[in-house]
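A.B. asks: Please construct the entire structure, taking both the sequences and the accompanying hints into account.
Okay, here's what each chain looks like letter by letter:
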Amino acid sequence: MKNIKILGTGCAKCKQTTAVVERAIAELGLTDVTIEKVEDIQKIMEFDIMTTPAIVVDNEVIIKGRVPSLNELKELIQ
Amino acid sequence: MFDWIQRFADWLVYGLLDLEKGQHLAEALNFFIYDSFKILLLLFIVIFFMSIVNSYFPIEKVRNFLSRNKLYGAEYFMAAAFGVITPFCSCSSVPLFIGFVRGGIPLGVTFSFLITSPLVNEVAIGLFVGLFGLRVTVIYVISGVLLGMTAGIILSKFKLEHLLTPWVKEVLANAQKESEVFKAEHTPFKERLPIIWAEVINILKGVLPYIIVGIGIGGLMHGYIPNGFFEQYMNKENPFAVPIATILAIPMYSNASGILPIVQVLVSKGIPLGTAIAFMMGVVGLSIPEAMLLKKVMTLKLIGIFFGVVTLCIIISGYLFNMIF
Numbered sequence: 000m001k002n003i004k005i006l007g008t009g010c011a012k013c014k015q016t017t018a019v020v021e022r023a024i025a026e027l028g029l030t031d032v033t034i035e036k037v038e039d040i041q042k043i044m045e046f047d048i049m050t051t052p053a054i055v056v057d058n059e060v061i062i063k064g065r066v067p068s069l070n071e072l073k074e075l076i077q
Numbered sequence: 000m001f002d003w004i005q006r007f008a009d010w011l012v013y014g015l016l017d018l019e020k021g022q023h024l025a026e027a028l029n030f031f032i033y034d035s036f037k038i039l040l041l042l043f044i045v046i047f048f049m050s051i052v053n054s055y056f057p058i059e060k061v062r063n064f065l066s067r068n069k070l071y072g073a074e075y076f077m078a079a080a081f082g083v084i085t086p087f088c089s090c091s092s093v094p095l096f097i098g099f100v101r102g103g104i105p106l107g108v109t110f111s112f113l114i115t116s117p118l119v120n121e122v123a124i125g126l127f128v129g130l131f132g133l134r135v136t137v138i139y140v141i142s143g144v145l146l147g148m149t150a151g152i153i154l155s156k157f158k159l160e161h162l163l164t165p166w167v168k169e170v171l172a173n174a175q176k177e178s179e180v181f182k183a184e185h186t187p188f189k190e191r192l193p194i195i196w197a198e199v200i201n202i203l204k205g206v207l208p209y210i211i212v213g214i215g216i217g218g219l220m221h222g223y224i225p226n227g228f229f230e231q232y233m234n235k236e237n238p239f240a241v242p243i244a245t246i247l248a249i250p251m252y253s254n255a256s257g258i259l260p261i262v263q264v265l266v267s268k269g270i271p272l273g274t275a276i277a278f279m280m281g282v283v284g285l286s287i288p289e290a291m292l293l294k295k296v297m298t299l300k301l302i303g304i305f306f307g308v309v310t311l312c313i314i315i316s317g318y319l320f321n322m323i324f
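Respectively, the protein sequence lines represent chains C and L.
Counted the way numbering that gives the first Met the number 0 counts, the first sequence spans residues 0 to 77.
Counted the way numbering that gives the first Met the number 0 counts, the second sequence spans residues 0 to 324.
I should point out that these hints are in silico values taken from the structure, not numbers from a laboratory.
As the structure is a computational prediction, the values presented were derived from the model and not from experiment.
Beta carbons are placed, not taken as given, at the ideal position from N, Cα and C, and that holds for glycine.
Each hint should be verified, as a subset may be incorrect.
[As the list claims (entries may be wrong)] Derived lysine-lysine pairs resembling DSS-like cross-links, with alpha carbons at most 27 Å apart:
#, chain 1, residue 1, chain 2, residue 2
1, L, K268, C, K12
2, C, K36, L, K204
3, L, K204, C, K73
4, L, K300, C, K14
5, L, K189, C, K42
6, C, K36, L, K168
7, C, K14, L, K295
8, C, K36, L, K294
9, C, K12, L, K295
10, C, K36, L, K300
11, C, K1, C, K14
12, C, K73, L, K189
13, C, K14, L, K294
14, L, K268, L, K20
15, L, K294, C, K12
16, C, K42, L, K300
17, C, K12, L, K204
18, L, K295, C, K42
[What the hints assert, rightly or not] Cβ-Cβ distance ranges computed for the label pairs, FRET-style:
#, chain 1, residue 1, chain 2, residue 2, range
19, C, K1, L, Y223, 52 to 60 Å
20, L, I200, C, Q77, 18 to 26 Å
21, L, L15, C, D57, 40 to 48 Å
22, C, K1, L, M291, 29 to 37 Å
[Claimed, not checked] Calculated Cβ distances over 10 Å to all of chain C for the following chain L residues:
#, residue
23, I4
24, F131
25, I216
C.D. replies: Put into structure tokens, the structure is as follows:
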């Protein structure tokens with residue numbers, strides 16, 4: 000079971016990131032995944048990042064401060 | 000350097016579309032085409048360059064540098080200068096703030112960074128070069144850095160730590176100086192390039208509609224407002240022009256991209272540059288949405304003091320600009 004968290008306080012870039020994550024999961028056909036949106040700033044800061052949006056896979060930060068491209072993300076979460 | 004763009008615009012408007020030179024519509028269209036092409040080209044160059052710098056100098060490195068080194072006052076300059084090279088999305092202001100506090104960086108220094116970063120960014124620089132030329136751009140960048148430093152130093156004198164929200168005070172109490180040296184990433188340039196490229200395209204795409212609309216409105220104003228129109232209302236002798244422009248600008252929220260082309264036309268029609276720049280700094284540097292975000296980390300009183308000091312510094316730099324030009 001994979002857990003993907005999207006960290007961001009809800010700005011445009013965070014929404015783009017969510018869309019990319021959802022598309023990557025759909026295109027890879029992953030079913031064993033939970034997506035969690037973390038919008039609370041105190042919870043976000045527990046991951047020790049300084050720029051949002053960020054993507055966390057199983058408690059490891061894989062992207063921070065930018066919206067990843069679909070292909071890049073697919074490789075990272077495969 | 001941009002002659003070829005002017006020739007292209009002339010050819011398109013007077014040649015291909017066969018509009019008469021001197022006509023309002025023709026002049027406005029010519030201005031629009033010339034400005035759009037020139038500005039997009041400059042933006043592309045500046046954003047690309049800044050993205051490269053940023054790829055090698057991420058924000059974590061900046062924080063660790065400021066946290067690790069004792070700089071005897073130079074940290075304000077460093078924080079403001081780092082603010083220039085670090086791209087900044089207003090939604091990142093809170094994580095940045097907490098990140099700095101956690102690294103044991105003094106509040107005043109953090110403020111220097113927070114003020115300069117949105118004020119002087121890659122989009123603003125690209126637009127400034129295109130609209131006002133290199134000399135004004137250099138002066139703008141320098142005054143943005145000075146403004147961040149000054150406001151940061153003033154704010155540090157107030158000892159504002161007790162005005163942070165409780166959970167931030169806790170972070171502050173547990174702050175630790177960064178001891179580990181930032182682990183150098185040896186990603187070759189070739190592998191960085193696709194990410195840099197994507198970032199450049201992303202930023203350009205984001206600001207493009209604002210710029211086109213801004214230049215469009217600017218183009219219309221350029222063709223229809225008579226030269227020197229504003230001089231009778233907002234000349235340099237009017238001492239209230241700068242504060243009024245600044246205060247009017249604070250509630251407005253726009254990235255520099257939409258506002259700057261309009262500001263440039265206002266200046267060409269007689270509004271003093273300092274007044275216009277004070278207005279612009281107010282729009283870009285301070286905004287109500289930013290205040291809402293900062294409420295998570297600061298009490299209202301602290302936000303008030305922060306905005307007050309920055310507003311004051313903007314007004315002063317507006318006056319200074321008007322004296323220089």
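A.B. asks: Need the list of violated hint numbers for this structure, in ascending order.
C.D. replies: 1, 4, 5, 10, 21
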